[in-house]
Amino acid sequence: MSRAVPALELRGIEKRFGAVHANRAISLTVAAGSVHGLVGENGAGKSTLMNIVYGFHPPDSGEILVRGRPVRLASPSDAIAAGIGMVHQHFMLVEDFTVLENVLLGAEGGARLAGGRDRARASLAQLARDYGLEVPPDAVVGHLSVGQQQRVEILKALHRGADLLILDEPTAVLTPQEADQLFQLLARLRGQGKTVILVTHKLREIMAVTDRVTVMRQGTVVHETATADTSPRALAEQMVGRSVLLQVEKSPAQPGAPVLEVTGLAVRDRFGVPRVKDVSFTVREREIVGIAGVAGNGQSELLEALAGLAEPAAGSIRLGGRDLAGLDARARRRHGLAHVPEDRLRLAIIASFPAEDNAILGYQDGSAYNRGLLLDRAAIRAGCEQKMAAFDVRPPQPRLRSSAFSGGNQQKLVLAREIDSSPRVLLVGQPTRGVDIGAIEFIHRRLVALRDAGVALLLVSVELDEILALADRILVMAGGEIVGELSRAEATEEKIGLLMAGVRAGT
Amino acid sequence: MSAPAKLPRWADWGLLPAINLLAALVLSAGIIKLVGESPWAAFKLMAGGAFGTPDAVGYTLYYGTNFIFTGLAVAVAYHAGIFNIGAEGQAYIGGLGVGLVCLAGGAWPFWVVLPLAILAGAVFGAAWAFIPAWLQARRGSHIVITTIMFNFIAAALMTYLLVNVLIKPGQQSPETREFGAHAFLPPLHQLLRHVGLNAAPSPLNVSFLLALAACYFVWLLVWRTRWGYALRVAGQSPAAAAYAGISPGRVTIGVMLLSGALASGLGVNVLMGEQHRILLDFPEGAGFVGIAVALMGRNHPVGILLAAVLFGALYQGGSQLSFDMPHVTRELVVVIQGLVILFCGALENVFRRPLAALLGRNP
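In order, the protein sequences belong to chains Y and A. Residue numbers for the first sequence follow the working numbering, beginning at 1 and rising by one. Residue numbers for the second sequence follow the working numbering, beginning at 508 and rising by one.
Keep in mind the hints are simulated off the structure, nothing from the lab. Since the model is a prediction, treat every value here as computed from it, not as a measurement. Just so it is clear, CB atoms sit at the ideal spot from N, CA and C, and this is done for glycine as well. Take these hints with a grain of salt, some might be off.
Stated by the list, open to error - Stretches of chain A that chain Y covers, calculated by requiring three or more beta carbons in the stretch to come under 8 Å of a beta carbon on chain Y:
#, stretch
1, 534 to 540
2, 552 to 560
3, 724 to 734
What the hints assert, rightly or not - Computed footprint of chain A on chain Y, listed as stretches where at least three residues anywhere in the stretch have a Cβ under 8 Å from a Cβ of chain A:
#, stretch
4, 139 to 145
5, 366 to 378
6, 421 to 428
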């Protein structure tokens with residue numbers, strides 16, 4: 001199915017957002033009938049570029065050619081008309097609708113639904129035959145697994161006649177098996193002449209499924225090659241721009257007495273579905289315990305229960321021998337439990353507040369920040385300045401709106417705030433999500449320093465590299481349970497990967 | 508759904524409200540033209556009626572005092588993420604508390620009656636706001652719906668009380684007897700005369716000073732206390748509030764108590780300052796105007812003060828207009844006031860996006 005005309009060609013794409021030069025002079029050619037990988041760090045400009053191709057943002061300058069013809073993409077409907085489909089990282093599905101209704105949405109084909117619905121049903125059957133994309137058309141989307149929901153997104157795009165599919169971080173929410181199924185599907189799509197752009201920061205996936213790969217860094221294309229001619233290490237160095245130091249320098253752990261003791265913990269979500277099942281572990285002083293697992297296997301719920309944001313259904317949480325049952329987040333802080341949450345912008349930062357107001361979030365009642373009935377504004381500002389200096393938060397302006405800081409600097413401020421109270425236990429969720437590479441190293445070094453100062457750290461991360469770099473002991477979660485425990489010395493990516501996939505140790 | 512476009516502060520606070528006001532006035536001008544009067548002359552009459560003479564200014568500020576209280580009531584709740592539509596009813600019931608003290612305390616000295624009346628008003632207003640607040644915090648009933656319903660319940664309750672219980676025996680209109688003279692708030696023009704200034708008589712009274720104090724108090728509370736911090740966190744993000752150990756339910760109840768208490772200031776102004784009796788529907792819709800005042804004033808006490816004076820001018824100037832222009836009826840003035848509320852309140856964001864585009868910010 002090789003054709004000379006590329007499916008997509010970008011020439012000299014430029015895009016600025018205010019002072020940020022998100023894309024500069026990007027040229028990219030995607031061959032028809034290929035799977036093309038696009039990799040880069042967070043903030044490298046991948047998403048901006050794909051949003052330009054999907055018509056969300058017009059480029060400031062540059063040309064877009066689809067199958068050799070110049071096109072102007074002013075909106076996603078233009079992109080759909082040009083045969084471009086996109087599967088977003090966060091699905092755009094109506095959970096209460098059936099698969100068929102979701103596929104129909106926005107492509108109803110007239111005021112009366114019946115005709116369009118019949119056509120869509122026929123087209124779904126056809127797509128199922130052509131690509132092995134089986135999804136029950138009358139199932140309610142909310143009842144489907146995440147992997148199946150992703151298939152619905154792909155079906156939606158194909159039903160609208162997409163020849164070029166863009167997948168944005170498609171495996172972030174998938175188990176390894178589901179990811180494998182997705183890759184098989186991508187191969188079938190390629191076999192049928194479709195073109196796929198795979199946006200990811202996971203190099204394993206690039207190696208597994210793509211034909212060619214483009215590396216972006218700081219808004220430019222820095223490298224392009226056939227996948228067969230490169231290696232994960234070479235790609236990583238291209239992404240970061242220097243040889244990568246994935247290993248943080250740290251001495252072996254010298255753990256002391258147990259501080260955080262969790263026994264038989266179970267958590268249910270608000271629908272009563274068990275998310276954490278009978279989890280027991282301890283974290284000792286001067287050690288980092290890492291919890292590895294595919295996103296959505298109960299790690300988030302575990303963290304929330306430990307932090308006092310969700311009521312456990314069973315089990316006990318003890319800090320230094322004291323039972324934390326029934327204590328809210330503030331009371332737990334007073335007992336020495338600090339928390340850097342996974343979802344920074346939802347929990348730990350209020351975007352519209354100035355940085356100094358966020359620097360006291362959770363500690364607003366403390367005597368350090370209050371004088372009599374009033375907040376001590378001078379002390380709050382001085383405290384924020386001191387935290388910003390200690391953690392190299394840039395720009396060091398306490399009055400600046402928090403949304404004006406980069407993800408890395410927001411995270412450093414949160415970390416500074418949580419560490420400032422000299423906690424005995426620090427819960428850390430995805431500490432480097434959406435954080436630039438410079439800040440990642442800084443944050444990792446700080447966490448290790450904190451361990452050496454005697455703090456017990458519990459680290460939850462879906463990035464295996466991060467777990468391997470930081471943790472002294474590794475617990476693997478799958479399906480809400482701890483399925484294995486490995487010391488750092490015996491842990492390898494393969495062993496952890498097997499456990500993550502639900503293959504228990506010893507079986 | 509896209510978030511409202513970001514504007515520079517000066518445009519958000521100054522230019523946008525001015526444009527909204529202008530749009531309302533342009534439309535009003537068209538209507539005045541349609542009924543056969545000159546819009547220019549009408550606006551001149553309104554402005555003169557509101558600010559032209561010292562007593563006009565007094566009336567403008569007297570109405571403005573009501574709008575400061577209700578505007579603050581709406582604004583504090585808004586900071587906690589709560590849309591309190593019930594300031595009207597809270598002011599009405601709060602006024603009942605004020606009036607009952609004034610009726611009972613006719614023989615007490617002024618310095619006893621005034622604080623007691625303010626306190627009773629605050630307690631009554633807060634109690635009326637407590638019920639919807641509790642229903643939202645503990646039972647999940649939507650506070651917008653319940654506060655609207657509580658306005659009607661308040662009106663029905665007050666009608667019943669005034670017609671059947673509190674009415675002065677032997678008269679037709681549903682009003683109480685007049686308060687004792689000790690329960691009259693001194694008009695400001697009298698106080699000014701004491702210090703040698705000759706001011707024109709108007710119903711403007713010391714409640715205005717009380718309203719200014721309330722402005723400062725609200726600013727201090729919202730931006731300078733840990734409780735205000737907690738309520739702003741809860742208003743911005745309930746999830747972050749839980750993370751910070753702040754109970755959103757407790758914030759909801761606390762802020763609604765304060766909101767109801769603030770609204771009751773209207774009762775002090777109208778009943779003790781002007782009417783000297785409890786009568787039917789004395790809030791006259793000021794609770795609803797408070798929503799527009801809070802919106803236009805960006806929920807900040809200084810903005811609310813300015814917006815309240817503007818709406819006070821609209822009321823006072825409007826009555827002057829219907830008085831002097833034969834074709835402009837009382838109802839037409841209500842239409843003009845309604846247009847200003849519409850553009851500054853409900854349609855507040857209509858010009859935001861074009862303005863943001865014009866000023867070169869990414870919408």
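To see whether the hints hold, each was checked on the structure:
no.: 1; hint: 534 to 540; verdict: violated (count 0)
no.: 2; hint: 552 to 560; verdict: violated (count 0)
no.: 3; hint: 724 to 734; verdict: holds (count 4)
no.: 4; hint: 139 to 145; verdict: violated (count 0)
no.: 5; hint: 366 to 378; verdict: holds (count 6)
no.: 6; hint: 421 to 428; verdict: violated (count 0)
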